[in-house]
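Enquirer: Each chain, written out:
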Amino acid sequence: MSSADFSTEKPRPSPFQPRLDERNIHDAWSSWNGYKLAEYYYEAEYEYFCIRNTCGTYDICPMQKYFISGPDAEKMLNRMVTRDVTKMRNNRVSYVLWCTDEGRLIDDGTIFRLADDSFMLTCGSPSTAWLKKSTLGFANVTIDDRSDELAALALQGPTSCAVLKRMGLKGIEQAKPFTIHHFDFLGDSLMVSRTGFTGDLGYELWIKAELALELWDAVYEAGADCGIHPFGEQATNMARLEAGFIMPGYEFNEALKTVHFEHDQTPFELNLDWMVDFKKPHFNGRAALLEESRRGPRYTLTRLDIEGNKPAEGSFIYDSRDCSRDIGYVTSGMWSPVVKANIALAMIETPHLNGELWAEINYEKELRHYSKVARCSVKDEPFWAPQHARETPARDY
Amino acid sequence: MKRYDAIVIGAGHNGLTNAAYLAKAGLDVLVVEKNDYIGGAAVSRELHEGWVYSSCSYVCSMMRQSLHRDLDLSRHGLMLVPYLGTVNFDDHGNTLMSYHSEAAAYNELKRHSRHDADAMFRLQADLGRYAQVIRKTLLRTPPDPTSFRIRDIQELLFLAKQFGALGQKELYEYIRFFTLSAADFLDDYFETDIVKASMASAGIIGTALGVYSPGSSYILLHHVMGDVDGSIGAWGLARGGMGAISNALASACKSFGGEIRINAGVDQIIVKGGRAVGVALSSGEEIRANIVVSNLDARRTFTKIMDRDDLPPGIFEKAENFKIRGSSGKVNIALSGLPKFNNVPDNPYVNRGGQAFTGSMETMERAYDCWKRGTWSDDPFIESVIPSAWDPTVAPPGQHWMSNFIQYCPAELADGPWTPEKRDQFGQTVVNKLERYSPGFKDLIVHMEVRTPFEIEQEVGLTEGNIFQGELTIDQLLFNRPFPGYAQYRMPVKNMYMCGSSTHPGGGVSSACGANAAREILMDLRRPNTVPEDDCYDE
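Protein chains in written order, with our numbering: chain A, 1289 to 1685; chain B, 12 to 550.
These aren't lab readings, by the way, just hints derived from the structure by calculation. One or more hints might be untrue.
Claimed, not checked - Derived lysine to any residue pairs resembling SDA-like cross-links, with alpha carbons at most 25 Å apart:
no.: 1; chain 1: A; residue 1: 1420; chain 2: A; residue 2: 1661
no.: 2; chain 1: A; residue 1: 1653; chain 2: B; residue 2: 138
no.: 3; chain 1: A; residue 1: 1653; chain 2: B; residue 2: 80
no.: 4; chain 1: B; residue 1: 147; chain 2: A; residue 2: 1420
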């Protein structure tokens, strides 16, 4: 067996891998887009609290990074996504969705407008094929997949600005949400955007992969007294749920990977109406979405505050306590340590939104299974949206 | 002159909780506080620029989650962050680290004793079982076992059911447990002293008992029954210091229309015709109210701010005899850097959370002997936490503050009253001990706040500086707290209530006393209850 070669099967190392290996003391790994990804480094809740109380870093190298440029780049993106890209100023970031012609959500991501005719599109799943289809009819646009060449590190939490200040990024506290800034780093360009997926104050750092370790070390040296700690997928998932952000595999099934009819979702079902701009010219899925906006979505993604403290993961939602008719299902649920509430996102049949909502929660205690029915109330506001996450200048903690 | 529906005396966390719930029910409530800051013993104070001390209480595990949630304390600025990694130090410099992962914790115990590593599983299960029963009583008013009222009988049945569910053998064990010493209890599990001592220290904190004194095993349970987000036995820090809890409660109280007045110490509860009708402030001002709620301890309430002639016979004596002996001190130290301790790996998860200088069972008992003789312990048990290693808001970056809780320190010294010189000597004893375990510690000191029982009583108002507002022994628990016959928050004078830790379920930053008292008051006023149930019933 000593000659066995598993190298082609093992997940690929991240540009940050040597540092990640040092910190992942329990060897808790999963993978993302073929890259090794930490489930957690020390403990999920510990890392979650770093995001909320101090700061943490998340390796987002496996995220897909497409550079889209040329005279037709803006037009091409504008036809692809549901928001109006022409309204974006340079050095701004915008959260976007793109859909099939049937208005079903393919993926969400962010567009970075780097210059008039130069954009970076980031997203969770590989999208080369769809992007190629989306260029159809546009002669002057090139797409460069730099996912493997560009390293990226999310730095999130209330002390994240203080860390960057200590790193010497002058004026970073003045950076407004969704803006892009460039700094010199070892003679190269470090791009910093005030963006993130945690609902807290936070930034994303972008640098060529060759400088990944140097960047990591600079961030960690600056953050040593600011409570910095790497966080994994599990803490990310907790933070994003509190912030009310959707996640593929939970809230939506990517349309291009969906087998069963309408087991994918639309922006309206995901309660992202504000992301769809019918005032702009034609875009993918426009006709179907217009039709849906008239008749209303079949389901609506809803924030729920649920009685008791048992997470409602995987629960059905019913319209009465006797649970005779299900009207929806929970997509993500957890006990929120900072909000101190049993929170969930749930897909609920739209006509039932104003009625009673009950979740049947199954839980286990010492190998025995229990079930309870808990009243749910609809929350209009995000579960967690602290003032400091939006403020400019950003605070030190 | 304005007449309030209710006046709450003392803006400690229970007083604020009580006021918040009364205000939430629509009552016109005023909280009066003698100090120029609120919080009582749950307070954050910047005594040296840049450092925010939790001057008294310093960690939190009993805060009732359902109250936190119901009062929306997160929205009012409260975040409780669990901390990990307490290291126990014995007399010889050996260490016992607590790890979050079960595997690491097991390996660490095994380093000391294979036997004790196994036994720890049984101890945790037993404590978990005991804690589960007690936890269910926290947000409930204790029944009066002599009463035939339906509610009391129902509550007695509830208790009987909870205890009954333990099974016959465990029930016997539980009854025994209440009267055991921590040492006797732990002897049944462990063979090594460092493991016993690490667990036994929880049995003496805040109490004038030693690890060999009967009754100390319950105190141990009281310290491990709390939780943070359902993780039983875990302890949390309030972001911004313990004052963040009081501030959030005050903010909630005000959001319901409650008023809080500082610099308003109460000299006297005014009683007319056997009814409390208001309070007289030390300024001479009198404020009227239909209800008066005291958040002060039982001794102070009945012997300091009430006229003995206003009380039914025997109450004054009961208050005088209420067991509320001061046994602990607190030394808060601002540090220019993170101290390093001997024999602790350079592991950020264990090298900065908490330190327990337990010494040994014998050392802790000898420390108690000093207390009995009326001196502070020369080799005290110290429980320390470095909140700044977790909380970026309480010290400048890279600098720290260390909370040291010291057992034992008497309220009255054998050689005469406390003086500033003696206080400083006491502080020096503590620093000397820390220096032994962390060479160079003294060089890191930027500022120190030394608090003996004398300072705690003078500043906070806790009699003898007793952190629990009365000891947590079986004679003063449940329906015996503070006195038999008065455990349901109503006091012997009509329209007067108590809501502090002198009442059930006792000390600790739980908000349960204040909430339970509010429930009783609203019941007497025939108002709908606004106090939620605890959320631990299906755990």
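Enquirer: Determine for every hint whether it applies to the structure shown.
Expert: Results of checking the hints against the structure:
| no. | hint | result |
| --- | --- | --- |
| 1 | A:1420 <-> A:1661 | violated (48 Å) |
| 2 | A:1653 <-> B:138 | holds (17 Å) |
| 3 | A:1653 <-> B:80 | holds (24 Å) |
| 4 | B:147 <-> A:1420 | violated (61 Å) |
Of the numbered hints listed earlier, those contradicted by the structure are 1, 4.
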